[in-house]
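Asker: These are the residues of each chain, in order.
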Amino acid sequence: MVQSPASPKPFRLWPFVFIAVVVGVAAIGFAYTAGWLSPHRLTPKKLVAALAPPGGPALGHRRNHAKGICFTGIFEANGDGSALSKAPVFVRGQYPIVGRFNLGTPNPNAEDAMVRVRGVGILITTPDGQQWRSAMINAPIFPVSNPQAFYDLLTASASKDPDAMKNFIAANPGFLTFLPWAKSDQWTESYAEEPYNSLNSFLFVDESGTKHPVRWSLIPAAQPVSISPQELAKRGPDYLEQEITQRVAAGPQHWNLMVTVAYPGDPTADPNKAWPADRRTINVGTMTVQQIEPEPNGPCRDINYDPTVLPAGITTSDDPFPAARSAAYSRSYNSRTAEEADYPRTATGARQ
Amino acid sequence: MTTTRTRFTAPQRLLHWLMAVCILSMLFIGVGMVSTVTTKYLTLVQIHKPLGIAILVLALIRLTLRLIYGSPALPADLPEPLKLAAISSQYIFYILMIAMPLIGWAMLSAAAYPVVLFGGVHLPPILPVSASLHTLLWRAHHYLAFAFFAVILAHVAGILFHKLVRNDGIFETMAPVLTHDHPESK
Ligand code: HEM
Ligand code: HEM
Ligand code: HEM
Chain A
1 MVQSPASPKP FRLWPFVFIA VVVGVAAIGF AYTAGWLSPH RLTPKKLVAA LAPPGGPALG
61 HRRNHAKGIC FTGIFEANGD GSALSKAPVF VRGQYPIVGR FNLGTPNPNA EDAMVRVRGV
121 GILITTPDGQ QWRSAMINAP IFPVSNPQAF YDLLTASASK DPDAMKNFIA ANPGFLTFLP
181 WAKSDQWTES YAEEPYNSLN SFLFVDESGT KHPVRWSLIP AAQPVSISPQ ELAKRGPDYL
241 EQEITQRVAA GPQHWNLMVT VAYPGDPTAD PNKAWPADRR TINVGTMTVQ QIEPEPNGPC
301 RDINYDPTVL PAGITTSDDP FPAARSAAYS RSYNSRTAEE ADYPRTATGA RQ
Chain B
1 MTTTRTRFTA PQRLLHWLMA VCILSMLFIG VGMVSTVTTK YLTLVQIHKP LGIAILVLAL
61 IRLTLRLIYG SPALPADLPE PLKLAAISSQ YIFYILMIAM PLIGWAMLSA AAYPVVLFGG
121 VHLPPILPVS ASLHTLLWRA HHYLAFAFFA VILAHVAGIL FHKLVRNDGI FETMAPVLTH
181 DHPESK
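So the sequence lines, in the order shown, correspond to chains A and B. So for the first sequence, the UniProt record's numbering puts the first residue at 1; every next one is plus one. So for the second sequence, the UniProt record's numbering puts the first residue at 1; every next one is plus one.
Be aware that a few hints might be false.
Unchecked claim - DSSO-like, lysine-lysine: derived pairs with alpha carbons at most 30 Å apart:
1. A:K166 <-> A:K273
2. A:K211 <-> B:K49
3. B:K49 <-> B:K163
4. A:K273 <-> B:K40
5. A:K211 <-> B:K83
6. A:K86 <-> B:K163
7. A:K166 <-> A:K183
8. B:K49 <-> A:K45
9. B:K40 <-> A:K46
10. B:K40 <-> A:K45
11. A:K46 <-> B:K49
12. A:K86 <-> B:K40
The set of hints was computed from the structure by calculation and includes no laboratory data. As the structure is a computational prediction, the values presented were derived from the model and not from experiment.
Please take these sequences and the hints and turn them into a complete structure.
Answerer: Put into structure tokens, the structure is as follows:
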């Protein structure tokens, strides 16, 4: 078998062909995995690009929920959550929160009265270093049932085709159940008066390993004062941020964290479907907002409120949204943090 | 450092093949996860982090073995450019095998993410939170990943060339089992 190197070998083509095939197959497999050969695959890039207004995204800012203000506070667990989840955050005690009140718009300069959806991002850290991040909104249900439908909604609403929305609704009739809330003019006059809902379902895992499908909500202690968007507009474009700053300066604001447990068969995979109102709901603790800080130098600025950053004891469920959100938020985060120059920190109080 | 051995020692060969599988998987997992919004995304990310850290640990063990046992000498008749390519590719591999996981870990640290390996087990941050550091590392992780894949393709092409065209015994130095060729064949 072994050829003496002295005797020149006859040139053979097949080894080169073989090598080219091996390398070629590997390269094609790689390109396929990366999605380069599947232009129809819904990628985080496409999903995030679809959120951008016609003029392009606001550089340096979140690609959605771009207008917001930071807060710090505490979550005080009352211990009752431990029956459902072994996560340390439910053990009776106080844990620091870094959060962000925000408006559901890709425009950081949007007027408050133009945006129906209000949200909150929270990050709770326990002494062992585990984190629980959650981004929640005031809507009672999500407009669509799955991430592809969300993409379709974004493309339909940006489309010039007059039938685009009609076609979208025909394919996603669940959207209609979102409209009564979206069109109602019973808004509230403060971030502090809003409930914030996870909408997505997660699993709480207890000490015995049993999984409990849940959703959660922050229910405000403040009495909601109803206001129409027309009235809100008169109070100025940034009223909500001014109001929450003054309100919290005057006294801390509270929300109860309510966990709702599904019955078998409840639609855990579809945030467009509410669960029946009689489901068991447990108050697991209180969120207290103690201090408001503007976003440019605030502690929430460079946080990604990725809903899949969860402590042991909470996991994702069959709900397809958290995965899609995690992928999209990461993409948004990577873009906006790379554009820091377009959204400079203010001169005073630069963060280290 | 080289030895008179004609093959890498068994632990070195074992590590080479184990890591070859791990690293190739990591590259496919990496590009696959950043291009999907399905639930596969979370599964892949959950594999990517612990497997990447495992590669870091294995690479450090491998480097130690390499420093202890050295490597078989390259064939004396290997043309200079090929010799250079063989030696430099070894350096590049070691750098990438150690740098990629460190960059991944540092990138997550700079973005204030917890570096969760599994369950409640997580690694401490190795960098302060910083948008500019995150951006630098994120770009490095991305471009080096593609460079890594390219170097691996070249490596595989090169090894096959040594085996199928030159049949000079280099392939046998790392072959998992002895092939019918004499390993010491020139
Ligand atoms: C597939 C569907 C969704 C997509 C593509 C999407 C996209 C995004 C993006 C790109 C951001 C900015 C992330 C960042 O740069 O940090 C964001 C923020 C946010 N999203 Fe979503 N989202 C989706 C579903 C949801 C759902 C179901 C909820 C509520 C239950 C929600 C609530 C929020 C909130 C509150 C924020 C602001 C978080 C913060 O303050 O950083 N989103 N979303
Ligand atoms: C992920 C893929 C791979 C990586 C990262 C990799 C890495 C390396 C490294 C670092 C060395 C130097 C040996 C040492 O000092 O430990 C090496 C040598 C070697 N590899 Fe690989 N390898 C990969 C895949 C392969 C494959 C697929 C083959 C075979 C088809 C192969 C065959 C060899 C051989 C024969 C050697 C010894 C030749 C020499 O001394 O340069 N490798 N590899
Ligand atoms: C040998 C080790 C590793 C290899 C070969 C590797 C490879 C890759 C690849 C190919 C990508 C996709 C890049 C792109 O298309 O933009 C990626 C992304 C990523 N990797 Fe790794 N990786 C390694 C180690 C790690 C480690 C140890 C961590 C963290 C602990 C990590 C965290 C990440 C993250 C978070 C992303 C997503 C980046 C983004 O948001 O775009 N990697 N990696």
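Asker: Give a verdict on every hint.
Answerer: Results of checking the hints against the structure:
no.	hint	verdict
1	A:K166 <-> A:K273	21 Å, holds
2	A:K211 <-> B:K49	25 Å, holds
3	B:K49 <-> B:K163	35 Å, violated
4	A:K273 <-> B:K40	24 Å, holds
5	A:K211 <-> B:K83	58 Å, violated
6	A:K86 <-> B:K163	56 Å, violated
7	A:K166 <-> A:K183	17 Å, holds
8	B:K49 <-> A:K45	21 Å, holds
9	B:K40 <-> A:K46	17 Å, holds
10	B:K40 <-> A:K45	16 Å, holds
11	A:K46 <-> B:K49	25 Å, holds
12	A:K86 <-> B:K40	26 Å, holds
This entry does not satisfy hints 3, 5, 6, going by the numbered hints stated previously.
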